[in-house]
Amino acid sequence: MNSLAESQIGLYKSELIHHEGPWRDVDQVEAATASWVLWFNTERTHGSIDDLTPLEVEQLDYARNEPVEQAG
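In case it helps, the numbering used here puts the sequence shown at residues 1 to 72.
FYI, nobody ran anything at the bench for these hints, they're computed from the structure. What you were told as hints is all true, and nothing was included just to trick you.
DMTMM-like, lysine to aspartate or glutamate: derived pairs with alpha carbons at most 20 Å apart:
# : residue 1 : residue 2
1 : Lys13     : Glu43
2 : Lys13     : Asp27
3 : Lys13     : Glu30
4 : Lys13     : Asp25
Cβ-Cβ distance ranges computed for the label pairs, FRET-style:
# : residue 1 : residue 2 : range
5 : Leu55     : Pro22     : 26 to 34 Å
6 : Leu55     : Ala5      : 15 to 23 Å
7 : Val37     : Glu66     : 22 to 30 Å
8 : Val37     : Val68     : 29 to 37 Å
All values reported here derive from a predicted model rather than from experimental measurement. Glycine included, every Cβ here is placed at the ideal spot set by N, Cα and C.
Input sequences plus hints: build the corresponding full structure.
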């Protein structure tokens, strides 16, 4: 699990922190981080999950596991 977190942190640093800096203050970093996380989860495709976004994977999983109502 630690290697997964390290990979995520590496992407965060290379795609946002080092790419978009220098930063004026902590508030600017926090706002940019929130935007990056939203983009990362909803728009950025991931090769490790069949080139889907995390949101798409979550929606597919939810649809597969949603209980089916019985006619009654």
